[in-house]
Amino acid sequence: MDSGRVTLRPFRVSDVDDFILWAGDDQVTRNIRMKTVTSKEEALTFIKDVCIPHPWRRSICIDDRSIGFVSVYRWSGNDICKADIAYAIAAKYWGQGITTKAVKMAVSEAFKDFPDLVRLQAFAAVENKASQRVLEKAGFTKEGLLRKYTFLKGQLKDLVIYSLLSTDISVAVDDKLL
Amino acid sequence: MEADGKQGQEGSPELSLRPLDLSDIDDFMVWATDDKVSRFCTWDTYTSKEAGIDYIKNIVIPHPWFKAICLDNKAIGAISVSANNGNDRCRGELGYLLASKYWGKGIVTRAVKMVASTIFNEWPHLERLEALVDVENGGSQRVLEKVGFQREGVLRKFCIQKGRCRDMVIYSLLSTDPQP
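Sequences listed follow chains A and B, in order. So for the first sequence, full-length UniProt numbering puts the first residue at 1; every next one is plus one. So for the second sequence, full-length UniProt numbering puts the first residue at 1; every next one is plus one.
Chain A with its partners taken away, still in its complex shape:
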């Protein structure tokens, strides 16, 4: 896959038909908070009420068609130094390095959009090896396993926590320039 074809952009109402292809798939939504959408109306509502107003949510696109999402949720108060990153893509595009590429792009954009952001963190279910590999390839550091951390779709989950610091990125850039 020519990686130039993978882009990030805000969601549009016109993404609805492509949106249903991945957001309507239980496999894709298994490890994320959003419920599988079951109708065009639900998809439209979700795009209008959640995706578009979100402070930082992008459609992952191939040839400008939506195949997934990546979002960054900024904390507040004493937690303002950190943000959570989450993502999912259509099953047909798994295993091709597309999610890794999209996450790398999102990381770079998010640190530019939030210059005072210190820590990006991500959680992957302990059995979700593919998502853990995405984060590792994107340069995140595995920090530990959080046991029985939260309920996801009614199941109590053990989650692996990863982080990428703004200082991790600048070090990586310096190494490249040497």
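Fair warning: there could be bad hints in the mix.
[Claimed, not checked] Chain A stretches covered by chain B per the calculated footprint, using a threshold of three residues with CB under 8 angstroms from any CB of chain B:
{"hint": "1", "stretch": "71 to 81"}
{"hint": "2", "stretch": "131 to 145"}
{"hint": "3", "stretch": "148 to 155"}
{"hint": "4", "stretch": "158 to 167"}
[As the list claims (entries may be wrong)] Taking lysine-lysine and the DSS-like style, the derived pairs with C-alpha atoms no more than 25 angstroms apart in a straight line are:
{"hint": "5", "chain 1": "A", "residue 1": "Lys112", "chain 2": "B", "residue 2": "Lys101"}
{"hint": "6", "chain 1": "A", "residue 1": "Lys137", "chain 2": "B", "residue 2": "Lys157"}
{"hint": "7", "chain 1": "B", "residue 1": "Lys36", "chain 2": "A", "residue 2": "Lys142"}
{"hint": "8", "chain 1": "B", "residue 1": "Lys146", "chain 2": "A", "residue 2": "Lys148"}
{"hint": "9", "chain 1": "A", "residue 1": "Lys129", "chain 2": "A", "residue 2": "Lys112"}
{"hint": "10", "chain 1": "B", "residue 1": "Lys101", "chain 2": "B", "residue 2": "Lys36"}
{"hint": "11", "chain 1": "B", "residue 1": "Lys36", "chain 2": "B", "residue 2": "Lys157"}
{"hint": "12", "chain 1": "A", "residue 1": "Lys104", "chain 2": "B", "residue 2": "Lys157"}
{"hint": "13", "chain 1": "A", "residue 1": "Lys148", "chain 2": "B", "residue 2": "Lys113"}
{"hint": "14", "chain 1": "A", "residue 1": "Lys148", "chain 2": "B", "residue 2": "Lys157"}
{"hint": "15", "chain 1": "B", "residue 1": "Lys101", "chain 2": "B", "residue 2": "Lys157"}
No lab work stands behind these hints, which were simulated from the structure alone. Note that the Cβ used here is the ideal one computed from N, Cα and C, for glycine as well.
Fit chain B to the given chain A structure using the hints.
The following block gives chain B in isolation, referenced to the frame of chain A:
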């Protein structure tokens, strides 16, 4: 009121946990005005009794689980478990502090053991008791390790304390772990 039954030694004062209230304000101010106590806490050292009274009224009294650590019923510290909602209701965060004059005698370890042995019965929905400790706070890390919490990892630049982003060690005790 819960006591830990360790009053065996002759004349040694009884340790107990009970609700903290406004009548404890003077004892509260002893630790609240101590920089050594506030050092790893999110709050700044208190400078007025009014602020202490406000804290007890607005935060302590309505809190889902907040107790004074007492020696012969005199408050010498505090211990609390925070509750979460929705998908996160399975976990609660433990916090504790002790007036510095009483440090180094194993008091906090006893208090944490008391909480760990009762909280899962009091809150049947709780699966996980967790605690976050500054990487430089070795004393607090040792308390949790002695009680049997599992160290899960270091969360880098996790939160802001006293204006700086701190690395925090995260610990957990599950309802299914061997009880202390």
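Given coverage of the stretch 131 to 145 of chain A by chain B, tested with a Cβ cutoff of 8 angstroms and a minimum of 3 residues: holds (count 4)
Restraint status (C-alpha distance of lysine 146 (chain B) to lysine 148 (chain A) at most 25 angstroms): 21 angstroms, holds
Lysine 36 (chain B) paired with lysine 157 (chain B) [C-alpha distance capped at 25 angstroms]: Holds, because 22 angstroms separates the two Cα atoms, which is no more than 25 angstroms.
25 angstroms limit on alpha-carbon distance, applied to hinted pair lysine 137 (chain A) and lysine 157 (chain B): The given pair, whose Cα atoms are some 21 angstroms apart, holds under the 25 angstroms limit.
Distance restraint between lysine 112 (chain A) and lysine 101 (chain B), which requires alpha-carbon spacing of 25 angstroms or less: Between lysine 112 (chain A) and lysine 101 (chain B) the Cα gap is close to 48 angstroms, so the pair fails against 25 angstroms, i.e. violated.
Given hint lysine 142 (chain A) paired with lysine 36 (chain B) - CA-CA distance at most 25 angstroms: 33 angstroms, violated
Within 8 angstroms of chain B (C-beta), three or more residues of the stretch 71 to 81 of chain A: holds (count 4)
Restraint check for lysine 129 (chain A) with lysine 112 (chain A), where alpha carbons must lie at most 25 angstroms apart: Roughly 29 angstroms between the alpha carbons, so the hint for lysine 129 (chain A) and lysine 112 (chain A) is violated.
8 angstroms C-beta criterion, at least three residues: is the stretch 158 to 167 of chain A covered by chain B: With 3 residues close enough to chain B, the hint holds.
Outcome, coverage hint (the stretch 148 to 155 of chain A, chain B; C-beta under 8 angstroms; three residues): holds (count 5)
Hinted pair lysine 101 (chain B) and lysine 36 (chain B), Cα distance within 25 angstroms: 10 angstroms, holds
25 angstroms Cα cutoff - pair lysine 104 (chain A), lysine 157 (chain B): Roughly 20 angstroms between the alpha carbons, so the hint for lysine 104 (chain A) and lysine 157 (chain B) holds.
When held up to the earlier numbered hints, the structure conflicts with 5, 7, 9, 15 and fits the remainder.
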